[in-house]
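J.: So the chains spell out like this:
2 protein chains.
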Amino acid sequence: MHTTLQADPDFVNDHSVTNTAMERPVLYVIKIGGNIIDDEEQLALFLKEFCAVEGRKILVHGGGKLATKLAGELGIKQQLIDGRRITDAETLRIVTMVYAGYINKTIVAKLQANGSNAIGLCGADANLVLSHKRVHPEIDYGYVGDVDVVNTAIFKNLLEQGLTIVMAPVTHDKQGQLLNTNADTIAQEIAKALSPAFDVTLLYGFEKSGVLMNADDDKTVIGKINAAHYRELKDKRVIFAGMIPKLDNAFAALNSGVSKVIIGKAENLKDLVSGQSGTTISLD
Amino acid sequence: MHTTLQADPDFVNDHSVTNTAMERPVLYVIKIGGNIIDDEEQLALFLKEFCAVEGRKILVHGGGKLATKLAGELGIKQQLIDGRRITDAETLRIVTMVYAGYINKTIVAKLQANGSNAIGLCGADANLVLSHKRVHPEIDYGYVGDVDVVNTAIFKNLLEQGLTIVMAPVTHDKQGQLLNTNADTIAQEIAKALSPAFDVTLLYGFEKSGVLMNADDDKTVIGKINAAHYRELKDKRVIFAGMIPKLDNAFAALNSGVSKVIIGKAENLKDLVSGQSGTTISLD
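Protein chains in written order, with our numbering: chain G, 1 to 284; chain F, 1 to 284.
Don't take each hint at face value.
Note: identical chains are not told apart, hence a pair may lie in one copy or across any two.
Unchecked claim - The list that follows gives simulated cross-link-like pairs (lysine-lysine, PhoX-like), each with its CA atoms no further than 25 Å apart:
no., residue 1, residue 2
1, Lys48, Lys174
2, Lys236, Lys69
3, Lys208, Lys270
4, Lys236, Lys65
5, Lys65, Lys77
6, Lys174, Lys208
Just so you know, the hints here were simulated from the structure itself, not pulled from any lab data.
Since the model is a prediction, treat every value here as computed from it, not as a measurement.
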């Protein structure tokens, strides 16, 4: 059933009131990868800076080399197709142990020591991130999940209680199956889903300092990119190859309500957040 | 500063009103051990019955043989003193992976499939269970935690949201150190701490059918034990050895506000809860 908007002379005023009433609290969704997780010293520094960032926070972590190392120690062969791990049952067990267990709880304990009241979760917990086993015409990725739904109510409640959420890249299908899920995707889907309630900045930790004018020179970071600028950079082939899907994803997030996307070295978190480092991407 | 209670003629009435207002919702704190966790079929049956139990629920799980198996596969030697695992840094890593990762999330996913909105946590999460590294005059237990504080506010909030909490036996010291912690103790401390807010039944899954009149005959379960009865059973040496600390702990919980303690086979959860199986322990 459709609701027809009535031609109400007060509509403009009502709308502006709604806008004011809708002023949303700030939320950072920050994704870190192996380069931080695998380096104990870097991780400690990062977590200290992370605690100093003001506002509500969700930290999404990947897995790093630990899962591969453990699989090696246990003699479980890892198969990668296009850089994606094929997740057989044994690999899923390792992923669940390392990502949702060791890495997640180690980060939580360190955040707690830094005065941040962290809670470590995966997508199965409270049915936070519901996904389905990937269907692909040619490749059987195994127990890999593609995200369907982010259940925002519990996220909101936990954040409102002052908790910092630490998310492991494991989801479930609500049929009892855990699924290995890309951490970038989880961060993006959470950021999008929480945008109606929060003013969301989505920050991707990256091995480079940001989007570069010259891919070989880490000093050529483009500080700001908007939609028009992005089209221009693509036309000029400044941005190409692997950076295109990354930026397409960033704009998809922005078009779904995320306020800002920042890409850069998570080691410089403070400067990334303040816009003094990395690339800040916005619609205009 | 002390507050002196005034001789108020309405005091008796006030008191009874307070009692009525304090009628507490039912909470089950249920602990399961290796005999259930290690047996996939038993675990599936148990979790189905667990979902059918009405009321708020916290499931505390131990570790089972998986941690020992993984340690063996990785060539990490396990040292036990008086049946307690000595937790060196490598063993703590395994415990965190297996207990807080694999077992915890596997149970959560299965509960979700059974329609129970479960959330898997350890004591470091939201600072739920704060402990200190065990101090012992002779034995260095390694990274083993003794519980200091259960932080009830988040427990209450999560339960009020209709979530079922699944607790892994790992806590932290709020200095960044995770600690391997006895699951029975965690269950007991949580049950005690939540007693002011909930009408708590503490249920221990056990390898026997309950407290037995004849330790060798699983059919001689004593259905009910109260404090007077317990003294009698101890005097008559019906209860001896390993059962004494278990029952002492049960009475300590009851004396701290827990309404009921049930001991029996978790496989018979439904009958344990209804009092048709196992031993129900209460003060009177």
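J.: Taking the hints in turn, state whether each one holds.
T.: Do the hints match the structure? See the list:
no. : hint            : in the structure
1   : Lys48 / Lys174  : between (35 Å within a copy, 15 Å between copies)
2   : Lys236 / Lys69  : neither (41 Å within a copy, 57 Å between copies)
3   : Lys208 / Lys270 : within (16 Å within a copy, 57 Å between copies)
4   : Lys236 / Lys65  : neither (36 Å within a copy, 60 Å between copies)
5   : Lys65 / Lys77   : both (14 Å within a copy, 24 Å between copies)
6   : Lys174 / Lys208 : neither (37 Å within a copy, 33 Å between copies)
Of the hints listed earlier, those the structure fails to meet are numbers 2, 4, 6, in rising order.
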